[in-house]
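Residue numbers (this note's numbering), protein chains in the order written: chain A, 2 to 371; chain B, 2 to 371.
Just so you know, these hints were derived from the structure itself, not from any lab.
Because the structure is a prediction, the values reported are computed rather than measured.
No false leads were slipped in.
The list makes no distinction among identical chains, and a pair is therefore deemed to hold if it is satisfied within one copy or across any two copies.
Heads up, simulated DSSO-like pairs for lysine-lysine below, C-alpha to C-alpha not over 27 Å straight-line: (1) Lys232 / Lys112; (2) Lys133 / Lys169; (3) Lys230 / Lys112; (4) Lys226 / Lys175.
Protein chains: 2
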Amino acid sequence: MKIRNTPEDYINLNPLQAGGRTVAETRLAVNSYADGYAGYDQYSGPFFQIPKKETEQLIDKLKIFLGADGIFFTHGVREAKYLLMQSILENNDSIIVDGNAHFSTVLAAEKLGVKVFQTKNSGFPDYKINPKNYETLIESLKKKNQKPRLLVLTQVDGTYGNLVDAAKVALIAKKHDIPLLLNSAYLSGRTKVDIGEIGADFIVISGHKSFGVPGHIGALGVSEKWIDKIKSPDKDAKPWDLPARYLAITGLLASMDTIEKRVGNWDEEVKKANWFVEKMESLGDIKLLGEKPKQHDLILFDTPILERISANKRKKGYYLAEKLKEFGIIGLRPGQTKELRISTYGLTRSQLDYVYQTFAKLIKEENHGI
Amino acid sequence: MKIRNTPEDYINLNPLQAGGRTVAETRLAVNSYADGYAGYDQYSGPFFQIPKKETEQLIDKLKIFLGADGIFFTHGVREAKYLLMQSILENNDSIIVDGNAHFSTVLAAEKLGVKVFQTKNSGFPDYKINPKNYETLIESLKKKNQKPRLLVLTQVDGTYGNLVDAAKVALIAKKHDIPLLLNSAYLSGRTKVDIGEIGADFIVISGHKSFGVPGHIGALGVSEKWIDKIKSPDKDAKPWDLPARYLAITGLLASMDTIEKRVGNWDEEVKKANWFVEKMESLGDIKLLGEKPKQHDLILFDTPILERISANKRKKGYYLAEKLKEFGIIGLRPGQTKELRISTYGLTRSQLDYVYQTFAKLIKEENHGI
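Required output: the full structure, derived from the provided sequences and hints.
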């Protein structure tokens with residue numbers, strides 16, 4: 002079959018893949034366990050048991066990294082949210098979710114017959130989530146005798162890459178005695194998020210989105226008092242489900258050794274994102290959507306100039322992604338020109354300068370009618 | 002974390018790992034997709050959809066390889082058996098299973114409240130399954146008005162490595178109009194098993210046991226008339242489950258390119274197994290259990306001589322595995338000396354001769370009281 006050569010041959014701007022790039026150490030570790038049933042070497046009991054050694058090491062590392070007392074593995078964030086909700090919520094319960102939440106948060110709740118109330122964001126152009134809106138919504142639900150059973154905060158949303166101050170939401174949660182879940186899919190692993198320090202009860206993280214892990218793995222981290230409440234599939238479904246995750250567990254454990262280093266670069270990552278935004282906006286008719294200055298690497302640009310350029314081309318919307326690929330730049334959604342959704346994470350300043358120069362060239366050529 | 006160096010540094014006799022060793026092409030392909038969300042490149046719709054291109058290619062290849070009309074992926078054979086049983090069986094139904102079936106077959110049925118009847122095997126020393134016993138058991142159940150709804154045949158069992166003639170069981174199944182499932186975990190992928198030619202209705206296969214695939218993946222293959230009966234999790238659980246399998250799907254697809262070649266060596270694999278059995282039995286007080294001549298590479302020896310040797314050592318049962326490791330031979334269950342359960346699959350004759358010479362040396366030293 003075809004070998005994927007993306008990491009070696011292209012600058013990849015795809016916002017979903019930025020935090021999931023694997024480092025050499027992780028690839029080596031995973032490769033060494035690639036043989037079918039290689040995990041069997043590590044089993045300490047009947048072969049369907051979770052391989053103890055690696056898993057326990059990983060759990061210990063994650064507890065410290067997340068400030069959590071209990072760790073439950075899933076295939077990803079959406080499953081981790083669902084795992085939590087099915088453990089602590091009941092049909093007809095109400096929850097509050099931020100206005101920039103991913104649809105899968107709402108989906109998980111609705112699957113359980115839970116009513117979802119969303120806070121508003123601030124709208125064009127920065128679409129910010131104001132922690133105070135949680136308070137307003139709680140009060141209004143309480144008046145209707147629908148006190149919410151859970152607050153969910155998307156720490157960084159996947160559209161604008163806005164960062165919300167989780168500690169402020171945690172204070173509100175504490176005041177009203179409602180547990181708080183942080184959806185940290187795009188934050189934890191890029192930087193350190195400690196639910197103990199923040200005062201949140203739960204966190205969900207994504208191995209393949211922000212920890213550079215192959216195979217798909219997520220986790221739910223919970224504080225002490227909630228551990229026994231979680232209806233973990235690890236308890237019920239051992240023989241059927243667990244071996245499937247071995248490669249991903251190996252990958253996440255290998256990755257953790259490098260994650261602790263990489264979170265030290267987070268300030269530079271954010272500076273680099275703002276530096277790139279400034280350069281791109283200087284091209285004119287390209288405008289950042291979402292908060293400014295940015296506090297994260299996920300970037301959404303409003304790009305009418307690119308839409309106009311593409312409209313004149315034979316391939317219309319598909320012109321842009323194809324043209325950029327000729328320049329070795331990939332990760333744009335084909336057909337999308339009105340907005341540009343990218344990530345600068347892990348790319349060097351000289352790579353990003355090259356991206357900027359390439360856009361400058363395309364726009365300049367167009368203005369000269371070439 | 003620690004890098005597993007088994008494939009490079011040791012002769013591995015572990016019977017569970019023999020058919021799952023990955024080839025270079027598979028490792029390269031999987032490695033190229035190791036980045037988190039790399040599968041995203043291949044999605045043709047919303048990101049939670051199954052990645053079309055690779056999956057469709059893989060399904061087409063498997064249909065031909067298995068002679069099946071429908072393919073459903075799972076995490077392994079036990080899940081594939083469960084998927085089938087929950088689709089076509091009901092509480093209180095009866096099924097017939099061979100006397101050498103893995104406990105997970107029985108477990109899957111019992112989880113659904115299905116009654117399991119097992120055929121006898123022929124007992125010491127060859128423990129063979131006689132297809133005729135299915136007929137006897139069907140007749141006796143029919144008399145009690147408990148006509149079985151499914152026959153399950155473990156084509157090659159994991160203990161003795163006995164091969165049963167599936168075509169003979171298929172004739173009995175046809176005669177009584179009962180569908181037949183082949184558990185081919187240890188056969189398909191080592192050699193070609195075609196349910197159309199055999200006349201079976203279903204087959205379950207294991208990527209990590211017999212197709213050299215990293216990540217854990219199994220599949221259920223079904224004949225035309227059953228396709229719509231399968232309550233596939235692929236239909237119900239898309240957003241939650243599918244992305245988790247991408248690395249394994251990539252691995253199995255990469256592997257299929259080499260599987261078609263390797264099944265051509267099957268006759269030599271079986272000859273080699275018999276050659277090795279003969280050498281080991283020549284050491285005296287080592288005796289093959291299971292059918293003779295062998296038709297498969299999974300081998301169980303009765304080894305009282307090794308038990309006696311170990312009994313005299315300080316480490317008792319653990320002596321043998323540790324001693325062999327010094328000679329670069331691994332894969333024995335630590336502590337186990339009364340019986341030796343190994344596989345010769347994929348090892349060269351000169352490697353196996355070295356294994357034989359090593360056992361000969363240990364036994365000779367013992368006899369001389371060294």
